[in-house]
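Those protein sequences? They're chains A and B, same order as listed.
Going by the working numbering, 122 is the number at position 122 of the first sequence; the sequence numbering is gapless.
Just remember that the working numbering sits 242 ahead of the position in the second sequence, which is counted from 1.
The reader is advised that the hints may include incorrect statements.
What the hints assert, rightly or not - Quick list of in silico lysine-lysine cross-link-like pairs, DSS-like style, CA-CA up to 25 angstroms:
id: 1; chain 1: A; residue 1: Lys76; chain 2: B; residue 2: Lys442
id: 2; chain 1: A; residue 1: Lys76; chain 2: B; residue 2: Lys410
id: 3; chain 1: B; residue 1: Lys432; chain 2: B; residue 2: Lys442
id: 4; chain 1: B; residue 1: Lys324; chain 2: B; residue 2: Lys245
id: 5; chain 1: A; residue 1: Lys239; chain 2: B; residue 2: Lys261
id: 6; chain 1: B; residue 1: Lys410; chain 2: B; residue 2: Lys261
What the hints assert, rightly or not - Only some residues are given here: those of chain B computed to face chain A with a beta carbon under 7 angstroms:
id: 7; residue: Glu262
id: 8; residue: Ile264
id: 9; residue: Leu280
id: 10; residue: Val281
id: 11; residue: Met412
id: 12; residue: Leu413
id: 13; residue: Phe414
id: 14; residue: Phe424
id: 15; residue: Ile488
id: 16; residue: Lys491
id: 17; residue: Arg492
As the list claims (entries may be wrong) - Sample of chain B residues lacking proximity to chain A, with all beta carbon distances greater than 12 angstroms (derived):
id: 18; residue: Phe350
id: 19; residue: Asn373
id: 20; residue: His380
Everything labelled a hint here was simulated from the structure, so no lab data went into it.
Virtual Cβ for every residue (Gly too), placed ideally from N, Cα, C.
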Amino acid sequence: MEGLDLKRILNVLTLEMKRKNFIKNKVISLVILIPILLLLLIMDKSTDISSVVITTIPYIWLTSFCFSLTQEFENKTDKIIFTGIFSRSEIIISKLLSFCMMALVHFIFYEILVVIFSIYGGQGTSNLLNIKTLGNNLYAFLIYAFTIGSFILLVSACTTNGIFTGIITYVLYFDLVLALLSQALWSSKNETLKCVIRNSPFYNANMGFYHLKYNFNQSMVMLISGSIFLIATCIIINKKNI
Amino acid sequence: MLKLLKLSYLNVKNIVRSKESILLIIGAFAYSIMWVVLVQIRSMKSFQIIDHTSEFGRFLFIVILYMSASILRNDIRANITKTLFTGVFTRIEIMFSKIISLIMLSVFVSILVEINCLLVAILRYNKMGINEFLSLNHLQIIITYSVVTFSMGSLMILIISIAFSESKNMLFIILFLSAINFFNSALVVKVFREPLFIEKISIYAKTPFYIWTDCTTSLTSGGANIYGLLIAIFYGVVFLTFSAFIINKREIK
């Protein structure tokens, strides 16, 4: 991990952002959402738009994060990018930072949408726009993007297959495992098992994001597991024969 | 004809024996075993083997989508579509072999479900025993899962024959369909509890997405849904006809 210079990372991050269609893809994915939301509102006036957006954003991230690293392998550009002037760890970290940039874009979009719909619904915006709520939401977005992103990078470095990476991440973090773990929490009498489930990133990541709230314990779990995934990715990619 | 049969057999064999499929199948069994081990009691009704197929089926849904997408996508990825579709066989014949592959795949998937039932019976030997496995209605299970696989696979083949590559969209579709299946199971259970609810979602209840989940769920709540299965077959045939038509017309680069 030597030679992690912030300026160099920022340089490679701007290169990543200048990639063809980077911003365009992000915007398109969000524009598609709006008619769906309008349709939901027409069907049922009492639909909670913010919770619908919050449950869809993880899926959008999942489908776009999975191809960030694997497209290099699929387009055979991995040789160029991993043997250039930037070290391999720097490339990985810049990918992760670009995920966080995307989280930032979606965060702004989410806040604008929530404000618009609350004005439309006739509620006040005072409790939405105070600095504490905004900071809390931003924190949840970033920490979620960090953990999920580093996990996706780890799986992509191992499998080099985009679709397969997506499926593994979907299975381990989304509906399937959440149904299993919450059933297990509810029914089991074994305290150690419950403790393990409560402190696993697989249970916490989406549960916390859906409520936009990570308490101290959950944040620690997310940060530590995210860092472990990141370090493992760096080790694997440095060892990998490209 | 025999050559076509051999082609489709080899196609299925390659898909099933690929590293990804084997990993996914192992994952499906691991998921099913985790339900048996981690979840001790179940609300309301007593545990039965057939209840486990719905948990296994959730994971299997992803496996089915991935494997059936591979039927046509493997050729595109390996860049052999030009050779394949301009060779000794006509395009319709090739599509016919793909359909036979799909049918073979559906039989394979239903065998997986049977293996899962046996596995659950063995894991819970003191509660259920092998007798309960033998007393299951095997014909219903096999037919339901074959039909659902066939129908889902035909949709995947149709999508690939339209899109032809673009792995990003493929992932989106696989995840979208499996997430929809996950949320549908809640809807199906709700309809089962209060039958009047179906009038609210009557349009949605006729789409293939709902019918697939309905078919697999109705296994656990008393008997296969013959009407749903027939509609699923109908959808499958329609999708396959369309995809054969599109492949026949499109330009293959």
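To see whether the hints hold, each was checked on the structure:
Restraint check for Lys76 of chain A and Lys442 of chain B: not satisfied, since their Cα atoms lie roughly 50 angstroms apart, outside the 25 angstroms limit. Restraint check for Lys76 of chain A and Lys410 of chain B: the C-alpha separation of about 16 angstroms stays at or below 25 angstroms, so the hint holds. For the given pair, Lys432 of chain B sits about 12 angstroms from Lys442 of chain B by alpha-carbon distance, which is consistent with the 25 angstroms threshold. Simply put, Lys324 of chain B and Lys245 of chain B have alpha-carbon atoms about 19 angstroms apart, close enough for the 25 angstroms limit, and the pair holds.
Taken as a hint, the Lys239 of chain A and Lys261 of chain B pair is honoured in the structure, with Cα atoms around 22 angstroms apart against an allowance of 25 angstroms. Proposed proximity of Lys410 of chain B and Lys261 of chain B is supported: the alpha carbons are some 20 angstroms apart, at most 25 angstroms. Given the 7 angstroms rule on beta carbons, the hint for Glu262 of chain B holds: about 5 angstroms separates it from the nearest Cβ of chain A. Here the hint on Ile264 of chain B is broken, as its CB sits about 12 angstroms from the closest CB of chain A, past 7 angstroms.
With a cut of 7 angstroms, the hint placing Leu280 of chain B at the interface with chain A holds, because the nearest CB-to-CB distance is about 4 angstroms. With a cut of 7 angstroms, the hint placing Val281 of chain B at the interface with chain A holds, because the nearest CB-to-CB distance is about 5 angstroms. Annotation: Met412 of chain B was flagged as interfacial toward chain A, and the flag holds, the nearest CB pair being 6 angstroms apart, inside 7 angstroms. Taking 7 angstroms as the C-beta cut-off, the interface hint given for Leu413 of chain B holds, the closest approach to chain A being about 4 angstroms.
For Phe414 of chain B, the interface hint holds, since its Cβ comes within 7 angstroms of a Cβ in chain A; the closest pair sits about 5 angstroms apart. Taken as an interface hint, Phe424 of chain B checks out: its beta carbon lies about 4 angstroms from the nearest beta carbon of chain A, inside 7 angstroms. Interface hint at Ile488 of chain B: violated, since its Cβ lies 22 angstroms from the closest Cβ of chain A, which is beyond the 7 angstroms cut-off. Interface hint status for Lys491 of chain B: violated, as the beta-carbon distance to the closest one in chain A is roughly 27 angstroms, over 7 angstroms.
At about 23 angstroms, the closest approach between the beta carbon of Arg492 of chain B and any beta carbon in chain A exceeds 7 angstroms, and the interface hint on this residue is violated. No beta-carbon of chain A is positioned within 12 angstroms of the beta-carbon of Phe350 of chain B; the least distance is around 19 angstroms. Distance check on Asn373 of chain B: its Cβ is at least 26 angstroms (rounded) from any Cβ of chain A, clearing the 12 angstroms threshold; non-interface status holds. For His380 of chain B, the non-interface assignment is confirmed: its Cβ lies about 26 angstroms from the closest Cβ of chain A, beyond the 12 angstroms cut-off.
The structure does not agree with the numbered hints 1, 8, 15, 16, 17 stated previously, though it agrees with the rest.
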